[in-house]
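The sequence shown: position 18 = 19 (my numbering), numbered continuously.
Relax, there's no trap hidden among the hints.
Label pairs and their calculated CB-CB ranges:
(1) Ala3 - Val62: 14 to 20 Å
(2) Gly54 - Asn12: 19 to 25 Å
(3) Ile44 - Glu11: 16 to 22 Å
(4) Glu11 - Ala32: 25 to 31 Å
It should be emphasised that the hints constitute simulated quantities derived from the structure, not laboratory data. Cβ coordinates follow ideal geometry from the N, Cα and C atoms, glycine included.
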Amino acid sequence: EAGRISVVSENSAALFAGVAGGDRILAVNGAELTDPALTAISICEPVLLRLLGENGMTRHVVIDPWATGARPRPVGGANVLDPAVLVF
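Make the full structure from the sequences, and use the hints.
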């Protein structure tokens, strides 16, 4: 299916933004995924994605590969604020 995310790399900007495998990209920076301009997209600045989750809900996420500083790591669908905390 077009726009379906199969895998999100560990410790990637997408993972920290909350993108998950199985999500489907509907739009990039407001342009629908069917837009021909998106066939060869190159990320050279932060991007805004509109995603459709496996639960049927849509959401917006910003992916900024150049962000610095500590970021929360999503675990089990939640953001863990303290990386020393183990979630079971």
